[in-house]
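Chain residues, written in single-letter form:
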Amino acid sequence: MRALCWNGVNDLRVERVPDPTILGPQDAIIKVSLSSVCGSDLHLIGGYVPTMRAGDIIGHEFLGEVVEKGPEVTRLNRGDRVITVSIIGCGKCWHCQHEEFSLCDNSNPQPAFEEAAYGHCTAGIFGYSHAFGGYAGSHAEYIRVPFADTNCFRVPEGVTDEQAVFVSDAVPTGYMAADMGNIKPGDVVAVWGCGGVGQMAMKSAFLMGAERVIGIDRFPDRLRAAQMKAGAETLDYSRVDIYDALLAMTGGRGPDVCIDAVGMEADSGASAIEDLYDRSKQALRLENDRPAVLRQMIQCCRKGGTLSIVGVYGGLIDKFPMGAAMNKALTFRMGQQHGQRYVKRLFEHIEKGDLDPAYLLTHKWALDDAPRGYRMFKEKADDCMRVVFAP
Amino acid sequence: MTRGRDGGRRLEGSAGTLERWAAILGGTALGFAGARRGSWALGALGGGLFLAGAAGVPLSSPLRQAALPAMRREPTTTQANVTIAVPAEKLFRHWRNVRHLAALFPHLDAVEILSDTESRWKAHGPGGVPVVWNSRLDKIRENELITWHTLEGADLPHRGTVLFRPAPGGRGTEVSLTLAYHPPGGVGGNAVSRLFGAAPEQQAREALRRLKRIMEVGELPTIKGQPSGRAERGRVTSKLREVTG
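For the record, the sequence lines run as chains C and A. Residue numbers are given in UniProt numbering: position 99 of the first sequence equals residue 99, and the series is strictly consecutive. Residue numbers are given in UniProt numbering: position 156 of the second sequence equals residue 156, and the series is strictly consecutive.
Isolated chain A (complex conformation):
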């Protein structure tokens, strides 16, 4: 899966990559130092930095956005790409039934079909803030392309394109998802932009990854709910600290 581009912050592109790497490497170093010294605070800070870097969470851009309010109104474009080992027809059919998309974006609560081209979307933002918009399909090319845009009054104005292209050598289908957002203003707008605007690149990638996993293996692999020593602390049967000197 290739990384998305963040068109609205194009000037910051290389700085963003650098920031991400700095977070990963610095986080790793701190995490190790913390683990070595048995300092959980240091370890956690390092782990947090590593995770933030790994997940592409922008650490400094909220500061930049506060300093540069004018930039917040520019559209943010992001693209993600993935190859899925199934034919384009199957992917197109799946995506064309927009009800299926709720499984790709975890913040979506429901997708209601209003007509052949219009649908109503309900999502939840941080703290359960309800986010609602109506969406219209505007261009459809069988087994190749679907584009849509939100209608007037949407809490989260955006337009999107998904493209299906046969991959070479029988590798399946190359899927590109492009999303262009207009970060909203007004009451609650900040929360909404934090949800959708802060890491749209990651959201697009995650959505395509979920699509791939659902289509290829029929389930989303998980470790949620598996046992660990974190669940019931302190019931040690056998212990040896400094096992290996």
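Just chain C, with the same shape it has in the complex:
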């Protein structure tokens, strides 16, 4: 089959590779019909996530058809149209039983990396470096899914392919970001990052009772989409001071809930010195992640408010304003998405018309064009929100 392989920093190639096979009794093989780019893939492509190996197939947000299943797969049948949650749960450990699927004890076959770096190992993720299990990703014609009964979900008739594909990752990640914010009616929610996940967090915040949602970005097309599609007010951080603007919009209180949908490669726009400091330390590998958004959220959040973090961080950060966080009594919630917890509810929202993620799909290309697709996505050219590949 053909697959998009990572071969080194900024070196992606579509190559001929062997077809996947069933390796465990609970596996299924999915024929991929749509597979989307994701912002977190950019961290891998740029070489910011260690433990990538040349030849790894990337991609983790996908929809397809079950073509083969292991003897212990009972809930799926050949021919089922399914999405697969990007983060793999075993379904049986204590964390999976408590719907904390991204904390699964058993799905990561290479736990040594994370145990050494993080103290414990978390779930395997498709196409997301060897620290997260080294599973082959979805930018391919076929993909093997372990523990298929736990991780694959049949797509209801009334939901289109273009809506369903994002229920793998972008929609549940955004939804979980809002869920972790513990939003109460009347709350003001600020969302840093107006990409796919940020947009879904905004829509979800409204579904959970937020009175006002404020989206922060610098790309005009994303700000426009946040306004037109997600119903948010918007701020362009390259033009205004975010702290002043947010306090002016909230009577000096600050937002009740602040959501980070950006992660480790953030720009702050606030201070050239801060950006220069973080960029040079990251370039020298003296810190893994640039915490510009985190610092800004801590400064802006109302006293006693909640920070919800779904932007991806890999390692250590520097100059974290702990004094502000502690004295303002902020609550931090964070994590990779527990998608399996939300899929059913999300399909219901989509069927009812509360939520339509299909607008995230701005470009649909052949898999052979994947390297070009990633360049467009990274440069955010042609108002690109998400490129989806159809093998």
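Everything labelled a hint here was simulated from the structure, so no lab data went into it. For each residue, glycine too, the CB sits at the ideal point set by N, CA and C. Nothing false has been slipped in among the hints.
The list that follows gives simulated cross-link-like pairs (lysine to aspartate or glutamate, EDC-like), each with its CA atoms no further than 20 Å apart:
hint, chain 1, residue 1, chain 2, residue 2
1, A, Lys224, C, Asp19
2, A, Lys224, C, Glu68
3, A, Lys122, A, Glu152
4, C, Lys229, C, Glu351
5, C, Lys380, C, Glu265
6, C, Lys229, C, Asp382
Examples of chain C residues toward chain A, derived with CB under 8 Å:
hint, residue
7, Thr21
8, Gly24
9, Trp94
Non-contacting residues of chain A with respect to chain C, defined by C-beta distances greater than 10 Å in every case (computed):
hint, residue
10, Ala88
11, Ile113
12, Thr147
13, Leu163
Add chain A to chain C, keeping to what the hints say.
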């Protein structure tokens, strides 16, 4: 899973942790530098260091052992802990049937039951060196504890204890595995100690992890045999170097 203690090298404990972290962080930095410059040698060195650090491979202790031959005869004790979401009875029954243990230690070839308390173990060392020992169960408390020791003439003298304790809040069972080795001398002893003695901490942890996965999910998750671009190099359909500047 908590890290094991290495009793025989207690003095080196904090140095070992430091060494491991230095390997991980240094390896990461080197690996990145290598990837950035497109230098595979540098990248591989960094990756190797990271892996060695991550896997807890002692990088400097072989040197120390060569310098301090007296220390090699001291027993090495290691402990690993894990919580498994099944009742203690089930785990006890599984472990009590020592034939099941072959699946927990990959270097074991066969476990032969000689009597209710005695068994014969066959393993292979590096380069296929055969390693054989007889083992006797000496203390058994139903659903709580099993201890054993190797009999006279074992290629790998050791004693072991596995403890099952109910975890709080319905979390299943806390399992502790303690192994005490006497690194062997004599012909082939070096190879055997390299196999069992160099990273006993890691072996104990791996064994408990396998036990957990077999008992909880009924299989050992793997990526062995999955496709990648490493298998058939050079058959590029579409390529763009410096995709993202």
